[in-house]
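*Asks:* Listed here are the chains, written in short residue letters.
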Amino acid sequence: METRKMKVFWTVFFIIMLAAFSFNSTQTVAKEPQGVMKLAVHFGSSADWVDPSLPPADMTRFLPLYFFHDALVKPMGDKMHSPSLAESWTSSQDFKVWEFKLREGVKFHNGDVMTAEDVVFTFQRYKGGNAKFLLDKIDKLEAVSPYLFRISFKEPFIDFLDHLIPGSTSIGWIVPKKYIEKVGDAAYKNNPIGCGPYKFVEFEPGVKLVGEAFKEFWRKEPSVKTIEFHFIREASTRFAMLKRGEVAFASAMGGVFLEQLKKEPSLRVGGGLSPNRWTLVPSAQWDPKSPWNDVRVRKAVSLAIDRQAIVDMQFPGAKTIGSIALNGDPEGLVFPPDPYDPEKAKQLLAEAGYPNGFDGGKFYPHAGGPNRAIGEMLANYMKAIGISTETVLLDRPTFFSMRRSGKMKGGVMMEAIGAGSISARTNDFLTYTKNYGNYPEIDALWEQYNNSIDPEERKALIGQIQTMFSEQVVFISLCENKTPAGFGPRLKGNPYGIQGEYPIWYPTPMEDLELNE
Amino acid sequence: MKRYIVRRLLWGIVVLWLVSVFIFAATRIGPDPVLMMADINASAADLDALRDRFGLNEPLLIQYATFVINALKGDFGESLHYGVPAFDIICKRLPASLELIVAAKVISLSIGILGGVLAAVSRRKWIGNSVRIFSFIGLSIPNFVVALLGLLLFSVYWELLPSHGRGGITHLIMPALSLGWYFSAGYTRLTHSSLLGVLNQEYIKLARIKGLPERIVVGKHALKNALIPVITLAGMNLVVMVGAAVAVETVFAWPGLGFLSYQAVMSRDFNVVQGVVLIISTMMVLTNLLVDILYAYIDPRIRFN
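Protein chains in written order, with our numbering: chain A, -4 to 512; chain B, 52 to 356.
Everything labelled a hint here was simulated from the structure, so no lab data went into it. All residues carry an ideal CB built from backbone N, CA and C; glycine is no exception.
Stretches of chain B that chain A covers, calculated by requiring three or more beta carbons in the stretch to come under 8 Å of a beta carbon on chain A:
hint, segment
1, 96 to 106
2, 131 to 145
3, 193 to 203
4, 206 to 216
5, 295 to 304
6, 311 to 322
Let the hints inform the model, and build the full structure from the sequences given.
*Replies:* Below, the structure written as C-alpha cells:
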C-alpha cells in the first residue's frame, strides 16, 4: 500500500515537474527575440544621426537614437518627460542646480555599466543642435557618485528639462565614455555603442539601417530579433513592398495609396501623430501699408479655410486646431479652430475695406512632402474670398534660407511649429519672426516670462501671450500633423507607442514593436 | 604616335580641370548647404559650427584648392547628407550602377538590333510596322512610367518579381527592362536604317549573286558594317544612362549612382556631387582617350589630323 502510494506520489510529482519545466521552457522560448521586422520609411538617415553628440535637433534624427541609445529623460507613452536612464531628478529652488539619480545596472552594448561619469562625458562632448545655447549656460558638471549626476547653471534654468527632449537637443542621450575614448569619434560613428534596445549592425547610407535586439536592455527585452529600416523615397515602391509582404510597415501612405490600402483586407491603416502644428503666418502683417496689417483680414483668411478638408485629404485622423500648444502642456491654452465660413470671411474683408479682395503678395508653401498640395488648397481658399496670391514653390534649403533671412516679407508663408512645450514654441516663433516685425506688448510679456522663476507667474504670462496670438491672429492655426502609414499582416498591434504629450510620428519605442506569429 | 598620345592626355587633363572648376562653381551656387542639415530653428552658432566642420567658412579659392588636392588623393570629403566619406559611398554605389547599366545595355542592344534586323529584312509589312510601333512607344513613354507600370503589374498584381533593392537576377529584371526599353527604341531605328543602307551596297549584291544564303549575307556581311553607328551610339549613351537611371533607381530603390547624385543635388551635398561628376568624367575621358588611341592605331591618317 505504502509502495503504491509512493508510486502515485512520484508519478504526480514527475508530471507536475514536467509540466512546470515545459511551461518554463515555453516561456523562455517565447521571450527570446525572434524574427526580422522590415520597415519601409520615406526618409533617409545620416551616419551623424547614430552619434547623439552630432545630430541637430530635428525630430527625424531621433529615430536612430531611440533605436540604439537611451536618454536621461525622453518622451515615452503618454509623458513628455519620462524617466529613463534617470530614475528621478530634483532642482534647487532657484533652478540653478539640477540633480539626476541614475538607474543602476544599466549596461551599454559592450557590457560597460552606465555611470555618472558617462553622463558628464556626454554633456562635455555634445556639439549638436543648440549646443552653444545650452553649453554657455552650464557652470559645472559633476559625477557626485556613480549614480548621481549634478549640473549647475550660471543663471536659473527653469526650462532645462524641455531642452532634453527631441526638437531641442540630444544632449541627454548617453554615450559610453571608456569606449569612445578608446576608439575615437570617427570610429564611434561607424560602430556606435549605446544602451538602447537595439545594437548597431549595419548602416548603408541611403539604403538601410539595421539593428539587433539587445537582450540586456533595462526596460524590457525586445521582442523582435532584427529590425531593418529601409529608406524608400518612392511611395508606390513602399506600397508595393507592403502589399507583397516584403515589409511589415510602410510610412507616408497618403493620397491615392491611402485609398488603395483601405481596399486591401490584409493590410491596416494607421498613422503617427507628430508634435508639429501647421500654421499660416502672414509675414506682411507688420507692414502698416499692407492689407495683412488689419486683424480683420487675417481673421477673414482663418474663416475662409476648410481645415477639415485639409485634414481629410492629407492627415486623416488628425485634429483641426485653433492654437499651437501640445495636448497636456500645463502652460498651454487651447482655443477652438475657427469654423469654415467663407461668407463671414467676405463680410470681414468688406468691413476692412476690401470688398473685392486684394493682391495678397507672395505665398510660400512649406517645402517638401505633401506640403505643396496643402499649399495649393490654402491658395485656393484665399482666392475664393478674393485674395489672390502668387505661389512660390521652393526646395527645402532655399525655403529655410529665405525664411531665416527675412526674405519672405510682403506675403504669407506656411509654417510647421514643432518644438516641445509652449514656451519652446513661442521662443522659436518669436526668434524667426523678428526678421519680419514684432509686437512690443508680446515681447515685453516674453521678457517678463523669461526673467521669472515663479511657476504661477510664468503660467499667467505665457497665457497672456497665447491669448494675444489668438486675438491678434498673429498666425492662423490649421491642424495637427499625422502621417498615414500602412501596416502589413506581420505587424502586431499599433507600432506608434509615443502618442501622448509629445507625440513621435515614427514607430517607436522599438523594444515594444512586435511581429505576429 | 607618342606625341599624339601625349597631346590627347594633356587635353584629357585640361577637360578634367575644366570639369572640376565647373562642378565646384555649380555646387556653390544657391543657398547655403548647411541649412539642409541643420534644424529649422538652428542658431547662428550651430550653423557656423557646421560650416567649420565642412570647411565652408574658408575663402572659395582655398576651398577649391583643398578640393583639388584632396580629390587627387581620392578624398572627396565627407558627405554632408550621409556623414560618411563621399568616396566610400560612391565606391559602394558604383557596382550597382554598372550592373544596372550593363544589364540595361544588353537588353536594349538585344531588342534594338533584333528589331532593326527584323524590320529591315522581313518582307511581311506587319513585322516592320510592329517594330516601328514598338520603337515609337519606347521613345514616347518616359522610363519612370514604364518602371511604375512594371512595378504595379509584375510586383503588386502578379507578384512575380520583387519590388525593390539589389539582389539576384529577379531584382534586376524590372529595373533593367525599364531602363533598356527607351534606349532599345533608338537602336532599333538606327539598326533598321543602317542595315537598309548597307543591304543596297554593291558587295552585298555580289554576295547574293555568289549564292550565299540570306542569313549569311545579312548576319555576316551586312550586319557587321551596319552595327558600327549603333555601337558608337551605345558607347555615347553610357553616361546618358547614368542620368536616365535616376527615375528607375528611385522607383525600384536601386542603390546606384543616379539616385545618389540626384539626392545629393537636392540636398546640396556638394562633396558627393563633385565626387560623382569627377569619377564619371574621368571614366569618360579615359575611355575616349583609349578609343582615340585605337582609332589612331587603326587609321594612321587620324594622327596627322
